[in-house]
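Visitor: Take a look at the letters that make up each chain.
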Amino acid sequence: MQLWLDILSWILLSGGGLFVLIGGIGIIRLPDLYTRMHAASLTDTMGTVMILVGIMVQAGLSLASFKLAAITVFLLLTGPTATYALANAAMLAGRHPKDVEMPPDLPEDLRL
Amino acid sequence: MGMYYVAAVAIFLTMILALARALLGPLVYDRVLAVNMFGTKTVLLLSVVAFLYGRPDFLDLALAYALINFIGVLAVLQFFQNRRGEALNSNIDTTPPDGH
Amino acid sequence: MTVLFGMFLLTLLVISAIGIVRARNLFVAVMLTGIFSLLMAANFFILDAADVALTEAAVGAGVSTVLLLGALALIPPNENRSKRVRWLVVSVVTLTAITLGYATFENPRLGDPEAPVHQHVAPWYLEQTPVLIDIPNVVTAVLGSYRGYDTLGEVLVVLTAGIGVLFLLGLPGAYGGRKTEDVARGRTYLSHHLVPQVVGQLLIPFIILFALYVQFHGEYGPGGGFQAGAIFAAALILFALIQGEREALTLIPPRVLVVLMATGALLYGSVGVLTMLLGANFLEYGVLSSDPVKGQQWGIILIELGVGISVASVLLAIYHAFAARGR
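Protein chains in written order, with my numbering: chain A, 1 to 112; chain B, 113 to 212; chain C, 213 to 539.
Check before you lean on any hint, since a few could be wrong.
To give an idea of the interface, some chain A residues facing chain C are shown, with a C-beta separation under 7 angstroms as derived from the structure [stated by the list, open to error]: (1) 77; (2) 81; (3) 84; (4) 85.
Quick caveat, the hints were computed from the structure, so don't treat them as lab data. We put the CB at the ideal spot given by N, CA and C, even for glycine.
Start from the sequences and build out the full structure, keeping to the hints where you can.
Guide: Structure, rendered in structure tokens:
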């Protein structure tokens with residue numbers, strides 16, 4: 001039983017770490033503010049849930065698990081809200097997604 | 113035990129990348145995004161390291177920080193928008209939304 | 213492993229410090245200061261100093277960033293940089309840095325049990341706390357009881373900072389002649405958007421509850437008055453951000469805030485005077501109850517409450533002093 005729990009934790013923690021890393025690479029490599037926001041917020045949420053559930057599996061049923069569950073709920077609530085507020089602020093300030101440079105060899109039907 | 117190290121290393125690397133975006137990002141909004149991401153990663157790192165060190169009562173820090181991070185991001189957006197709003201309304205030579 | 217993590221974090225710290233100095237736009241500098249505080253908090257955490265890490269995260273990365281932004285809203289956004297290199301300044305700074313670096317070669321190893329700092333009072337504190345005070349968190353025991361005078365001084369410093377800001381900037385409704393009604397009503401950007409409003413309103417009660425948890429849990433885990441005060445102030449700042457400045461000033465009127473600022477410090481001092489009236493020295497909590505150990509615990513709870521009240525009201529008053537200005 002403990003072995004299955006350990007395997008589950010390994011999968012969750014490594015998967016979560018992978019997602020988090022993908023988000024980090026995305027925030028560096030992607031060309032525009034909005035695409036970066038996309039990378040950051042989606043991978044944040046997924047990585048957070050996986051890592052924290054992975055730790056919860058290890059902690060069993062205890063006060064620590066309850067605190068981890070509380071952290072997960074708060075991050076799930078506040079992450080998308082912060083992204084919404086940021087995207088809204090950027091739009092209101094006049095930064096539109098169309099402003100990004102298209103590569104010249106992109107076919108017509110793929111252009112924004 | 114080893115799984116915590118894997119997660120911690122991944123989170124560290126992401127923190128480095130987020131810091132790079134905060135230093136580079138041409139717009140202020142890029143930097144706000146990077147700081148927000150840095151904050152969430154810090155919460156994760158604190159949780160993982162708390163378990164790594166076998167001290168689950170350190171989770172209070174992660175919880176506190178998860179709440180405070182949100183407030184910080186909203187405050188930045190609030191004050192930045194206010195500033196832009198005043199400049200736009202009163203014909204002052206407005207600073208561009210870029211932050212160099 | 214601690215050393216490795218520590219080295220990583222310290223490298224990132226240096227990089228962000230260089231970024232702060234080089235940034236010309238002050239918003240960027242404030243953002244990077246937030247990251248700097250977070251890295252410091254993580255650093256303290258890795259060194260097993262949980263109380264300090266919690267305080268740094270709550271105050272440095274949270275409330276301090278908001279206060280700096282409030283100040284930035286009042287000034288031009290770019291730094292006036294002088295063109296000439298000031299050789300005197302550069303040489304003094306470099307000399308000091310080299311001297312400090314040289315001095316660290318003589319430092320004892322991290323966690324060395326033979327280090328001088330671990331020799332004199334520290335073992336005594338660790339041995340005597342279960343006997344004299346009987347609370348699990350020795351940090352709270354040290355700052356509440358063994359070094360109670362220091363903490364009284366810290367509360368008075370916080371109070372003085374609040375008084376200073378109020379003298380300089382004024383607070384509508386308390387000092388400076390402006391009335392609360394003159395502050396513009398709910399004109400914040402966030403009060404026009406439903407999603408942050410709803411989520412914020414949901415979260416505020418929990419943040420306040422968490423602040424109370426941290427306040428009263430300070431004897432058993434990381435926590436205490438300073439952290440709790442900062443988190444409580446952060447909750448009310450969130451309210452001000454979402455609903456608007458005038459609504460926040462109506463929620464906790466400025467006169468009440470000013471009275472609360474002093475009440476915290478007064479509570480702390482009163483505990484000391486009370487112990488004197490009961491026949492012991494100033495801040496000798498043992499006489500507060502028939503059992504000296506219980507008396508110590510009561511004393512610590514009361515002074516932490518005083519600290520929490522004072523810190524929360526001062527931070528909130530400083531925030532309102534900045535944010536309500538110029539509207």
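Visitor: Confirm or reject each hint.
Guide: Evaluated hints:
The closest approach between the C-beta of residue 77 of chain A and any C-beta of chain C is roughly 6 angstroms, which is under the 7 angstroms cut-off, so the hint is satisfied. The beta carbon of residue 81 of chain A comes within 4 angstroms of a beta carbon in chain C, closer than 7 angstroms, and the hint placing it at the interface holds. Because the closest C-beta pair between residue 84 of chain A and chain C is about 5 angstroms apart, less than 7 angstroms, the hint holds. Nearest Cβ of chain C to the Cβ of residue 85 of chain A: about 5 angstroms, under the 7 angstroms cut. The hint holds.
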